[in-house]
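Number of protein chains: 2
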Amino acid sequence: MKIITSVNNSQVKAWSKLNTKKGRLKQGKYLLDGWHLVKEAIRTREPIETIMVQPDFKHLQEIEVPEGAGLIQITDNVVKHLSDTKHPQGVMAVVKIPEQQTIEPEDVNGAWLFMDNVQDPGNIGTMVRTADAAGFSGIVFGDGTADVYNPKIVRSMQGSQFHLKMVTAPLEPWIQAFKAQNKPVFGTELNPDARPYDQVGKHADFALIMGNEGNGMNKELLKQTSLNLYIPIIGKAESLNVAVAAGILMFQLKAN
Amino acid sequence: MKIITSVNNSQVKAWSKLNTKKGRLKQGKYLLDGWHLVKEAIRTREPIETIMVQPDFKHLQEIEVPEGAGLIQITDNVVKHLSDTKHPQGVMAVVKIPEQQTIEPEDVNGAWLFMDNVQDPGNIGTMVRTADAAGFSGIVFGDGTADVYNPKIVRSMQGSQFHLKMVTAPLEPWIQAFKAQNKPVFGTELNPDARPYDQVGKHADFALIMGNEGNGMNKELLKQTSLNLYIPIIGKAESLNVAVAAGILMFQLKAN
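Protein sequence lines correspond, in order, to chains A and B. Position 169 (the first sequence) corresponds to 1070 in my numbering; numbering is contiguous. Position 146 (the second sequence) corresponds to 1047 in my numbering; numbering is contiguous.
Okay, chain A solo, but in the shape it has when bound (with noise of 0.2 Å):
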């Protein structure tokens, strides 16, 4: 097996540049980091690239590394190079990030979830792996909402990105192509003057959007809803978590 020892490797300078957004644009591939997610990854067929451990990785013998990609070992130096986490566990994998020109509005069935201008990535992700976990059918990463496969975003989806439709796009004709098919479209604000969430239903088609986390969702945006939701504050918090709003409402709405 071919070891890497040196940061200065030039594959490695390369790796190290999808932990920026430009550099994932480029090669059009971003990092997994750790054995659940590359476990995960090799499990559900996704495009790997290069499998890199380290020679003490303590799973190697499991790794099935699928056809046409690489594994390589690289050395602790390296590991710590790569990864975006304090306590790395000696396992990465390059993957390339699927095609999504091809997913329309017009196309796609069930739940959804929608973020507009969400800024942080621990919410981010979370926010996908409870979709995930809440039967959801895919994510739209508006306009101003981080890159989705930032390495801590990545992290705390937790793989959910393999089961999810992930697509980047501005949220605008997604809402107008979902209304057009008779689909709510939930806005959401914090606002008591909105309908109280738990007081519209369940639905199997629709939309929910989340907003920004100190701002909420675009105003504009929120004139283009179907109807925006609140979940009313019995206590004295000002506001709830976003990502715990979203698993509320995610829960709540969707018809199992």
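For the record, the hints were derived by calculation from the structure and aren't laboratory data. Please note: incorrect hints may appear among the correct ones.
[Claimed, not checked] Simulated pairs of lysine to aspartate or glutamate, EDC-like, Cα-Cα distance not exceeding 20 Å:
| hint | chain 1 | residue 1 | chain 2 | residue 2 |
| --- | --- | --- | --- | --- |
| 1 | A | K940 | B | E1139 |
| 2 | B | K1155 | A | E1139 |
| 3 | A | K1066 | A | E941 |
| 4 | B | K1080 | B | D1106 |
| 5 | A | K918 | A | D985 |
| 6 | A | K1053 | B | E1114 |
| 7 | A | K1053 | B | D1106 |
| 8 | B | K1137 | A | E941 |
| 9 | A | K1103 | B | D1021 |
| 10 | A | K1066 | B | E1139 |
[Unchecked claim] Here are some chain A residues the structure puts well away from chain B; computed CB gaps all over 12 Å:
| hint | residue |
| --- | --- |
| 11 | T945 |
| 12 | D977 |
| 13 | T1027 |
| 14 | V1029 |
| 15 | N1119 |
| 16 | K1137 |
Keep in mind the model is a prediction, meaning the values are calculated, not measured. Beta carbons: idealized from backbone N, C-alpha and C, even for Gly.
Following the hints, complete the assembly by docking chain B onto the known chain A.
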């Protein structure tokens, strides 16, 4: 106004120790960091001992220093030394930790969140904030759960510790006391044989127990609950984030 410019100042050394559990226990105080928290502590009349500000803090004129509290200027380097955040806002406060020995499970009302060995400070703080929003009355930090006044927890509670009763205690006597008063105690487990969470009605007086991120609730405690609940996973995610699960459960179970 007194100005402290050195991190070697004895008062700064004492404050700095409040970033550790040992220091907080010894001094019986903790640190608030940022304008939102300091302002909320003033508004809710917390026992503030000292407010520390940078000379150029933009809300300096708005600070209503409580009677008996000190106001001290600290320089940039001192703020950076004391703050746990990357971008401190230039205002902090030292607050006395409330006496909690007087809160007995026999004497409380309403909905309570019990935390069993929850580890991540961000999850813990978010759960406290959500409990506040859902109209809960108090929180019990059970064995193994990170310390309430950990700086990261304080940051993510966003002041909700001022609105709720906060107790650190073993959970078993609290479970027994609630049950003795015929208040349901709901455990949680990732087990499809447990009761679906949306089939147990809404309650005014009850407890909800959330467990460890990786291992769930303690097996012995699961046997002592009134009933254990499960959030059905519809998609392919293995689990929900504990703070998201807690939010879904608290809003589902709490009678308004």
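- [ ] State the violated hints by number, sorted upward, taking the hints as numbered earlier in the document.
- [x] 7, 9, 11, 13, 14, 16
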